[in-house]
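Next come the chains, spelled out residue by residue.
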Amino acid sequence: DGGITQSPKYLFRKEGQNVTLSCEQNLNHDAMYWYRQDPGQGLRLIYYSQIVNDFQKGDIAEGYSVSREKKESFPLTVTSAQKNPTAFYLCASRRQGANYGYTFGSGTRLTVV
Amino acid sequence: GQQVMQIPQYQHVQEGEDFTTYCNSSTTLSNIQWYKQRPGGHPVFLIQLVKSGEVKKQKRLTFQFGEAKKNSSLHITATQTTDVGTYFCAGGWSGNTPLVFGKGTRLSVIA
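Same order as they appear, the protein sequences are chains H and L.
If you're matching positions, the first sequence starts at 33 in our numbering and goes up one per residue.
If you're matching positions, the second sequence starts at 2 in our numbering and goes up one per residue.
Because the hints were derived from the structure by calculation, they are not lab data.
Accuracy of the hints is not assured; some may be wrong.
Here are the computed lysine-lysine pairs in the BS3-like style, where the Cα-Cα straight-line distance is at most 30 Å [unchecked claim]: (1) LYS89(H) - LYS57(L); (2) LYS37(L) - LYS41(H); (3) LYS37(L) - LYS89(H); (4) LYS103(H) - LYS37(L); (5) LYS71(L) - LYS89(H); (6) LYS104(L) - LYS115(H); (7) LYS104(L) - LYS41(H).
Counterexamples of contact, computed for chain H against chain L with all Cβ distances above 12 Å [as the list claims (entries may be wrong)]: (8) GLY34; (9) GLY48; (10) ASN50; (11) ASN60; (12) ARG76; (13) GLU104; (14) SER138; (15) VAL145.
The beta carbon of each residue, even a glycine, is placed where N, CA and C say it ideally should be.
Looking at chain H on its own, in the form it has when it is part of the complex (with noise of 0.2 Å):
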């Protein structure tokens, strides 16, 4: 079955550690997505990328970095930079075009001990 996989499920990170959440897709989808959920703050945009060897950044880039060298790949780096990076982190990928809905991967919980 086609999907949308993330992993770790839980990822325990000490202060001024990098870690990478990997995300990975079998959809043949050209956009990714990374999204930052908090309680009660909803889904916010981290970086997103349209194309192979692209990427933007979304609304709360700072303390965090990507690639996209496959189009099946999109790793998300939470840096030492990343002032309070505990959250429930989410990857999607859609196909090209504006009528289409997102897949999401079930998630990872990052917590910062």
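We have chain H already, so just place chain L on it with the hints.
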């Protein structure tokens, strides 16, 4: 940047009562989508509305898009415990620009 306002933030209903959540944009939308996130889960796409005044139904769920394409609503008739979760609207403005999500309405259903 663009914003989509969604109310209420929380709604507690008795099983069998109706439920409605509302979304509003200050600017005209190209389309609006609705998603449901079960507790502990991830958002799942429900539907997209594109046309002014559009109304779509999925069983007990009715989705509306305003005439001015600035507001939308989701109405659930006779709620069931399976309806529990957070409902998000997401506005789209043009082309392939990312959707902007509302903050969601968290629905609790008391049996």
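Here is how each hint holds up against the structure:
{"no.": "1", "hint": "LYS89(H) - LYS57(L)", "in the structure": "violated (34 Å)"}
{"no.": "2", "hint": "LYS37(L) - LYS41(H)", "in the structure": "holds (20 Å)"}
{"no.": "3", "hint": "LYS37(L) - LYS89(H)", "in the structure": "holds (26 Å)"}
{"no.": "4", "hint": "LYS103(H) - LYS37(L)", "in the structure": "holds (27 Å)"}
{"no.": "5", "hint": "LYS71(L) - LYS89(H)", "in the structure": "holds (26 Å)"}
{"no.": "6", "hint": "LYS104(L) - LYS115(H)", "in the structure": "holds (22 Å)"}
{"no.": "7", "hint": "LYS104(L) - LYS41(H)", "in the structure": "holds (23 Å)"}
{"no.": "8", "hint": "GLY34", "in the structure": "holds (14 Å)"}
{"no.": "9", "hint": "GLY48", "in the structure": "holds (29 Å)"}
{"no.": "10", "hint": "ASN50", "in the structure": "holds (24 Å)"}
{"no.": "11", "hint": "ASN60", "in the structure": "holds (16 Å)"}
{"no.": "12", "hint": "ARG76", "in the structure": "violated (8 Å)"}
{"no.": "13", "hint": "GLU104", "in the structure": "holds (19 Å)"}
{"no.": "14", "hint": "SER138", "in the structure": "violated (5 Å)"}
{"no.": "15", "hint": "VAL145", "in the structure": "holds (21 Å)"}
Checked against the numbered hints above, the structure violates hints 1, 12, 14; every other hint is satisfied.
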